[in-house]
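Each step along the sequence shown adds one to the number in this note's numbering, with nothing skipped, and position 117 is 117.
Rather than coming from a laboratory, the hints here were simulated on the basis of the structure. A quick note: this is a predicted structure, and the numbers were derived from the prediction, not measured. Virtual Cβ for every residue (Gly too), placed ideally from N, Cα, C. It is possible that part of the hints are untrue.
Label-pair distances were calculated between CB atoms; the ranges are [stated by the list, open to error]: (1) D141 <-> H97: 49 to 55 Å; (2) T122 <-> T153: 39 to 45 Å; (3) H197 <-> A149: 18 to 24 Å; (4) V128 <-> E65: 16 to 22 Å; (5) T92 <-> S59: 14 to 20 Å; (6) K91 <-> A149: 45 to 51 Å; (7) K83 <-> S119: 29 to 35 Å; (8) V103 <-> D186: 35 to 41 Å; (9) A182 <-> R154: 19 to 25 Å; (10) S119 <-> D156: 37 to 43 Å; (11) D156 <-> V128: 35 to 41 Å; (12) V103 <-> H197: 19 to 25 Å; (13) K178 <-> R154: 40 to 46 Å.
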Amino acid sequence: MIGEGRANVTAKSSAEIKWNSIMLRRSARTTGRDWETRPVCMGDEDNNETFETADAGSSHTYPMEGGQIRKGGHIMIKGRPCKVSDVSTSKTGKHGHAKCHFVAIDIFTGKKMEDLVPSSHTTSVPFVKKEEFQCMDVDDDGFVTVLSANGETRSDLKLPVEMQPEPPGARELSDKIKQLLADEADFYVIVQSACGHEQIMDIKMMTNNS
Numbered sequence: 001m002i003g004e005g006r007a008n009v010t011a012k013s014s015a016e017i018k019w020n021s022i023m024l025r026r027s028a029r030t031t032g033r034d035w036e037t038r039p040v041c042m043g044d045e046d047n048n049e050t051f052e053t054a055d056a057g058s059s060h061t062y063p064m065e066g067g068q069i070r071k072g073g074h075i076m077i078k079g080r081p082c083k084v085s086d087v088s089t090s091k092t093g094k095h096g097h098a099k100c101h102f103v104a105i106d107i108f109t110g111k112k113m114e115d116l117v118p119s120s121h122t123t124s125v126p127f128v129k130k131e132e133f134q135c136m137d138v139d140d141d142g143f144v145t146v147l148s149a150n151g152e153t154r155s156d157l158k159l160p161v162e163m164q165p166e167p168p169g170a171r172e173l174s175d176k177i178k179q180l181l182a183d184e185a186d187f188y189v190i191v192q193s194a195c196g197h198e199q200i201m202d203i204k205m206m207t208n209n210s
């Protein structure tokens, strides 16, 4: 009887070990699959960098009907934050809605983008912000040190020429920043941010009242 009891315990332990091993393998496969398929936005084919979609990061965008977006406004196209340079609306057809044809410029790369959106359907609009920081220094790797209005320093912004892809006028703006620093001039860099991305877009000279 004692031997039979021990045999049952051994068989039960072996079964539990086998079952736990199976569940661990399943868990590993499931975890890997979830990691591979987590949502990311569809970026432009020529641009390696992509931004979060409204579903993945709703704080970066807000919904708006296509027919409410005007020239000079912003819109997300192929996962990129863009500024609308032209918009035209087609007449309503027999079997559909009027459609808005947007021509826009990527606010970071300067690339021309286009999209067609039904005027009554909602699309994503990015939150776009511009801030001024006093420029303090630039290191050999192209990182710029700036001072915020509340006195905090940061050194995680790159010279425009270091951005990929390189935006229009990046080399000239970067050279201007380095020259002003060499001249010990007081100036601001204007930083544009959208969809979790920040980029130096321009400079502004400080005045006595600044």
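Just tell me: holds or violated, for the beta carbon distance of A182 and R154 against 19 to 25 Å? 21 Å, holds
Pairwise beta carbon distance, S119 to D156, judged against the given window 37 to 43 Å: Cβ of S119 to Cβ of D156: about 40 Å, so the range 37 to 43 Å holds.
Using the beta carbons of K83 and S119, state whether their distance is inside 29 to 35 Å or not. 19 Å, violated
For the pair D156 and V128, does the Cβ-Cβ distance stay inside 35 to 41 Å? Check failed, 19 Å falls outside 35 to 41 Å.
Cβ distance range 16 to 22 Å for V128 and E65, holds or violated: 19 Å, holds
Quick check: does the Cβ-Cβ distance between K178 and R154 fall within 40 to 46 Å? Given range 40 to 46 Å: violated, Cβ gap about 18 Å.
Per the hint of 35 to 41 Å, is the separation of the Cβ atoms of V103 and D186 within bounds? 39 Å, holds
D141 and H97, beta-carbon distance inside 49 to 55 Å? Given range 49 to 55 Å: holds, Cβ gap about 50 Å.
Range first: 19 to 25 Å. Now tell me if the beta carbons of V103 and H197 are that far apart. 22 Å, holds
Whether the CB-CB distance between K91 and A149 falls inside 45 to 51 Å: 49 Å, holds
Cβ distance range 14 to 20 Å for T92 and S59, holds or violated: 34 Å, violated
Consistency of beta-carbon spacing, A149 to H197, with hint 18 to 24 Å: 21 Å, holds
In this structure, the hints that do not hold are numbers 5, 7, 11, 13, in rising order.
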